[in-house]
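K.L.:
Residue numbers (the UniProt record's numbering), protein chains in the order written: chain A, 1 to 78; chain B, 1 to 78; chain C, 1 to 78; chain D, 1 to 78; chain E, 1 to 78; chain F, 1 to 78.
Hints listed in this document are in silico derivations from the structure and should not be mistaken for laboratory results. Among the hints, a few may not be true.
Chain copies aren't distinguished; within one or between two, either way the pair holds.
Straight-line distance between alpha carbons at most 25 angstroms, and here's what the computed DMTMM-like set of lysine to aspartate or glutamate pairs gives [said to hold, decoys possible]:
(1) 14 / 45
(2) 71 / 57
(3) 42 / 23
(4) 42 / 67
(5) 42 / 24
(6) 76 / 38
(7) 30 / 11
(8) 42 / 18
(9) 30 / 67
(10) 76 / 45
(11) 76 / 23
(12) 71 / 23
(13) 30 / 53
(14) 76 / 11
Number of protein chains: 6
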Amino acid sequence: MPIVTIQVTREGTKPGNDAVTADEKAALIKGASQLLLDVLNKPLESTFVVIQEVNTENWGWGGLPVEAYRKQRGLKPG
Amino acid sequence: MPIVTIQVTREGTKPGNDAVTADEKAALIKGASQLLLDVLNKPLESTFVVIQEVNTENWGWGGLPVEAYRKQRGLKPG
Amino acid sequence: MPIVTIQVTREGTKPGNDAVTADEKAALIKGASQLLLDVLNKPLESTFVVIQEVNTENWGWGGLPVEAYRKQRGLKPG
Amino acid sequence: MPIVTIQVTREGTKPGNDAVTADEKAALIKGASQLLLDVLNKPLESTFVVIQEVNTENWGWGGLPVEAYRKQRGLKPG
Amino acid sequence: MPIVTIQVTREGTKPGNDAVTADEKAALIKGASQLLLDVLNKPLESTFVVIQEVNTENWGWGGLPVEAYRKQRGLKPG
Amino acid sequence: MPIVTIQVTREGTKPGNDAVTADEKAALIKGASQLLLDVLNKPLESTFVVIQEVNTENWGWGGLPVEAYRKQRGLKPG
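Just chain A, with the same shape it has in the complex:
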């Protein structure tokens, strides 16, 4: 009966994408559910996964909105 909540920024993380794709979401759901089965023997059908996409201006890191922080530190999106 686990619940896995995955919070990520609403942006693409591979070239040519500007958002998390439906295929990537399906892969996150499959992988998270499988992880709970492998580690804790939780049946796939008893796990819920919720993906929350957060606009980059709503995500803070280092005291700054994340895009400003990445620019300051020379980081790629991630």
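Following the hints, put chains B, C, D, E and F in place on chain A, whose structure we already have.
P.N.:
Okay, now just chains B, C, D, E and F, sitting in the frame of chain A:
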């Protein structure tokens, strides 16, 4: 001072609706607040209710996005 | 497939109790699940309820830990 | 490594704004991160801040959607 | 910069354990972080994982505390 | 009516403390509530703050439980 968070898929669950309606949201708020009053004596004005609607492609069940899982299992939305 | 999260302070709210009792928890679970069935036609077996009890020193209201706020305002627990 | 989640209604709270502005979001991020540094010595770069904006019809207070509750009580947005 | 929150009941799920073990927690953390790297190219060091253990009497399924629901349905813990 | 949730590891962050103290919690509550007043004009009495303390073995960073990650990277608690 309770906080009740209700997470549901962003879809209609009655014929002819394709989303949770304002009336249904008001009924969830009223019912959840009344429940805390009935069971734990919490005054209505000290309870917050937050409804989070989640796109169906962001909700996983059985290792699949929920619409794929329902199709596989012959389940209705719910 | 809803998820209902109920956050309350870890304290009794009826005379003679110093905690939320197992019976009160069962009543919260029953009522919240029934609410989703009544309002959105969600089957009981597809709703998860999670109750989170929070120590009073970890709950803030009015800029103060909740027990200090209640004392300042002459409020009963709630 | 703290995580600070700030949930607010999706509306303006100063004259002429109908939403939380990017500058206000940046101020929330800066202030919350600084608070964790000041109180618990957490380095700025180890704190995440997530701002969640909630539509007013999805936020309940006093057993009512918040705009109905404010009207009933003669409260300003807040 | 993802955040993965894993909520599970506070109980053992393998013979002889009565709780989630430190090794199982480490495996959940490793697997969830790797998943975000594999699917969305998120560097390991930018992912936080938070495991929340919930007492069984605080977890509801099917309108009942989970242990009562499992007994009614003849389900194993999971 | 904002809700501010602050998640931190359950450990002391100043010499001689092995936990977040009641005074530190009160300072977090005061500061977070004041921040919402300063930035968004939210009255103190309409803000809830919830502090969640997470055991270090339940917090992951860099694919590892946080204490293992800090040791690997030569980081202080934070």
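K.L.:
Can you give the numbers of the hints that this structure goes against, from lowest to highest?
P.N.:
none
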